[in-house]
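Chains as they are written, first to last, in UniProt numbering: chain U, 1 to 311; chain X, 1 to 311; chain F, 1 to 311.
Since the hints were made in silico from the structure, they are not lab data. Errors might be hidden in some of the hints.
Covered by chain U, according to a simulated footprint, are these stretches of chain X (three or more residues, beta-carbon under 8 Å) [stated by the list, open to error]:
| id | stretch |
| --- | --- |
| 1 | 53-62 |
| 2 | 268-280 |
| 3 | 286-293 |
Yeah, the Cβ is synthetic: ideal placement off N, Cα and C, and Gly gets one too.
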Amino acid sequence: MSLQGRHLIDPNDLTLEEIQRIIDLGLNIYHHPAQYAEICKGKILGTLFYEASTRTRLSFESAMLRMGGNVLGFSDAATSSVQKGESIADTIRVLDDYADILVMRHPREGAPKLASQYATVPMINGGDGGHQHPTQTLTDLITIQHYKGEIKNLKVAFCGDLLFGRTVHSLLKTLSRYPNISFVLISPPELKIPYHLKNDILQNHDVEIIETHCLETHMHEIDILYMTRIQRERFFNEEDYIKLKDSYILNKDKLEHAKEDLLVLHPLPRVNEISYDVDIDPRGKYFEQAKLGVYARMALMALLLGVVESC
Amino acid sequence: MSLQGRHLIDPNDLTLEEIQRIIDLGLNIYHHPAQYAEICKGKILGTLFYEASTRTRLSFESAMLRMGGNVLGFSDAATSSVQKGESIADTIRVLDDYADILVMRHPREGAPKLASQYATVPMINGGDGGHQHPTQTLTDLITIQHYKGEIKNLKVAFCGDLLFGRTVHSLLKTLSRYPNISFVLISPPELKIPYHLKNDILQNHDVEIIETHCLETHMHEIDILYMTRIQRERFFNEEDYIKLKDSYILNKDKLEHAKEDLLVLHPLPRVNEISYDVDIDPRGKYFEQAKLGVYARMALMALLLGVVESC
Amino acid sequence: MSLQGRHLIDPNDLTLEEIQRIIDLGLNIYHHPAQYAEICKGKILGTLFYEASTRTRLSFESAMLRMGGNVLGFSDAATSSVQKGESIADTIRVLDDYADILVMRHPREGAPKLASQYATVPMINGGDGGHQHPTQTLTDLITIQHYKGEIKNLKVAFCGDLLFGRTVHSLLKTLSRYPNISFVLISPPELKIPYHLKNDILQNHDVEIIETHCLETHMHEIDILYMTRIQRERFFNEEDYIKLKDSYILNKDKLEHAKEDLLVLHPLPRVNEISYDVDIDPRGKYFEQAKLGVYARMALMALLLGVVESC
Chain U
1 MSLQGRHLID PNDLTLEEIQ RIIDLGLNIY HHPAQYAEIC KGKILGTLFY
51 EASTRTRLSF ESAMLRMGGN VLGFSDAATS SVQKGESIAD TIRVLDDYAD
101 ILVMRHPREG APKLASQYAT VPMINGGDGG HQHPTQTLTD LITIQHYKGE
151 IKNLKVAFCG DLLFGRTVHS LLKTLSRYPN ISFVLISPPE LKIPYHLKND
201 ILQNHDVEII ETHCLETHMH EIDILYMTRI QRERFFNEED YIKLKDSYIL
251 NKDKLEHAKE DLLVLHPLPR VNEISYDVDI DPRGKYFEQA KLGVYARMAL
301 MALLLGVVES C
Chain X
1 MSLQGRHLID PNDLTLEEIQ RIIDLGLNIY HHPAQYAEIC KGKILGTLFY
51 EASTRTRLSF ESAMLRMGGN VLGFSDAATS SVQKGESIAD TIRVLDDYAD
101 ILVMRHPREG APKLASQYAT VPMINGGDGG HQHPTQTLTD LITIQHYKGE
151 IKNLKVAFCG DLLFGRTVHS LLKTLSRYPN ISFVLISPPE LKIPYHLKND
201 ILQNHDVEII ETHCLETHMH EIDILYMTRI QRERFFNEED YIKLKDSYIL
251 NKDKLEHAKE DLLVLHPLPR VNEISYDVDI DPRGKYFEQA KLGVYARMAL
301 MALLLGVVES C
Chain F
1 MSLQGRHLID PNDLTLEEIQ RIIDLGLNIY HHPAQYAEIC KGKILGTLFY
51 EASTRTRLSF ESAMLRMGGN VLGFSDAATS SVQKGESIAD TIRVLDDYAD
101 ILVMRHPREG APKLASQYAT VPMINGGDGG HQHPTQTLTD LITIQHYKGE
151 IKNLKVAFCG DLLFGRTVHS LLKTLSRYPN ISFVLISPPE LKIPYHLKND
201 ILQNHDVEII ETHCLETHMH EIDILYMTRI QRERFFNEED YIKLKDSYIL
251 NKDKLEHAKE DLLVLHPLPR VNEISYDVDI DPRGKYFEQA KLGVYARMAL
301 MALLLGVVES C
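Use the sequences and the hints to build the structure in full.
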């Protein structure tokens, strides 16, 4: 099925073949950017950020500008018309005339889904509360493809806040659809992945899940270590935050027994969960991951706009 | 007279012939956008929004980008230099070097007029307090022309807040300059149009004005129904707002005896003064109106910049 | 040495020959803008404004757009990820993938210097606290060159807040590197230039410095009068501010004995330190100075990006 004209709200909106098309195109743009420098000429991306997010917003903007298109929008709700009591449906019905493709970040879960039902142009979910963040998942997958060559036969560890972290949930669910993936889930007991998510994965896919509270036990056998920030804003009280935030800090010493081709990833921003000595270790690829995210978004937008064929 | 290099502060700055030129060009761009996709190449629009307005700002930005130009500016006063005590005159004398055409939204009435006296490039009033909003009026007029074929021989009703609504005042004054227009003004007694405005229209033009507090009495004979939001921020106390805000809600039932080719317009954003069942009625054209507003602004800017001939 | 790929944090990062190259290129663009309208096609400027500054930000944006490039970024810290506790180093390591050249304004002195150590693309200091503002200095110098023909044999007066004004400090230090420049420093005793700065200039350069508290004593013999705003935010208490702010106001009368070809400059914004009657005096060139600042920034970015040869 063609990607042209479609929305992307949840990674599950895409088949594995469609994800592969996005990744392959993204890596092709990465290697031959000049060939794609004008493909979105005359196209406008509308960035509707009801919640500030410099990184995601600028990644999308850079992606569109690097394909010759343009950008308009708002970077926080304070400068939008929301305060006048307008519904999201109405806002979208106007803004979809101003742009050819939209990306929405919203603090309320489900807002981009609702918005997409009124949009006559492709709508991309740029993150909705603790819910979904599909372009982060595409960013993670393009990075794995780039460094591992393919997305299968991998032992993938996730470390940190597995209860609230939406990037973890999205990637976990999507990776479990790939062949021969197993998971090591490292977190304090209070921040284990939600039971329903674990159950859902185990019921629908033939995967192995190991849960542990120790960062080092399985270090020697994992292929990918996905670190996450323990987000202060997700906690109910300050005391819990302080107690837990330093529990799972990756440093050079802890990597001693890790594989030579381990891939350390992180959705960023990092606070202190990866120490600076890992930055210069060749296994730390989180800044390259952020860079590859621009190419994933270029590919996604080019396909949704139909300026590149879906197959 | 050529429009090139001129300012637009008040709809009265334009003759009916000039308005017609803008409307005709706007509709031509609407039907043949590709012919105009590059006409503003190398031009820069400066958006000076001392008061947030997503809709107006993005409509202008979209208009300029769709003609191949670019945009810079600020979207609220907080990120401008106003806080350092600089005069508007000084700000304009600097910013007019950065851009080729400027649009200013300001909470203070008269600010764009003052600014235009110092601008060496065309300055457009994007709304000043409760005063003027000339590009909204152009948006309303291009919509009437598009759906009615011409702007004359029309019975036009305005409903809602007629006391404070600047879009109503601008459109009323401008429409009264056209041949054979009559008005039905529907509002609670507390929100009738200002006496001086009514007097001014009746003294200068051969028009009929009917004032009523009932939305349905004249429904069967009107050609255009212009609904407006009752703006909370214009009220002096909350009690008055709550009492009046629901008084004039248009719904499907109230349209029962309306003409088949009635045109329901609204400057947006809407709160609840038009119920959602009107959205799917073919007479509800307020979202098309917002879309046509982009083309009115494209035409206006192209003419003020002189990239298209005024006649 | 080529300017391509370099950072600009402090005016002292540049030799006088490099400054001259920037000025000459800037004036050439000023006279032949069409020749440069496309030289930055496909390039992206990232504007990282951790502190609001409409004038500096829009001057950079206009400069990049007028060379055919594009812009992304943020205009205040509130809409950035800073609040999530990310280090500047991490922010830069991500953002330098999104853009081809960066400009940073930051309230903390030294922040752009730190940032530049992590940036893989050229980084320009857009002002850091009370510290440096090198593109303002380039703006001042291109204006002097434009109106005086060369930068030497000049008596230059600075008036106002010489203690806190970073633009004064930057320009003083840079001008003292040129041949046969002498200074008249006019300020209340409380706002004299810092001792270490005066000492530094006198020890390293063969210049004459006269300090006075009277604006008019040397008026007849100076070639350039650089006025500055007494910035309320630099004062420790309101009382001192009120006592001093009106002390040094330039008006038409005080210019009576000034040279015919005196150049009155000001970094802007002005509050009331230059009265409006000076605006129409041909010697008042502060608005032209702001305009020339766009061309200085165009030249600087073109050279750092390497789209124009450094020599």
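Status of the hints after comparison with the structure:
no.	hint	result
1	53-62	holds (count 7)
2	268-280	holds (count 4)
3	286-293	holds (count 3)
Violated hints: none; the structure is consistent with every hint.
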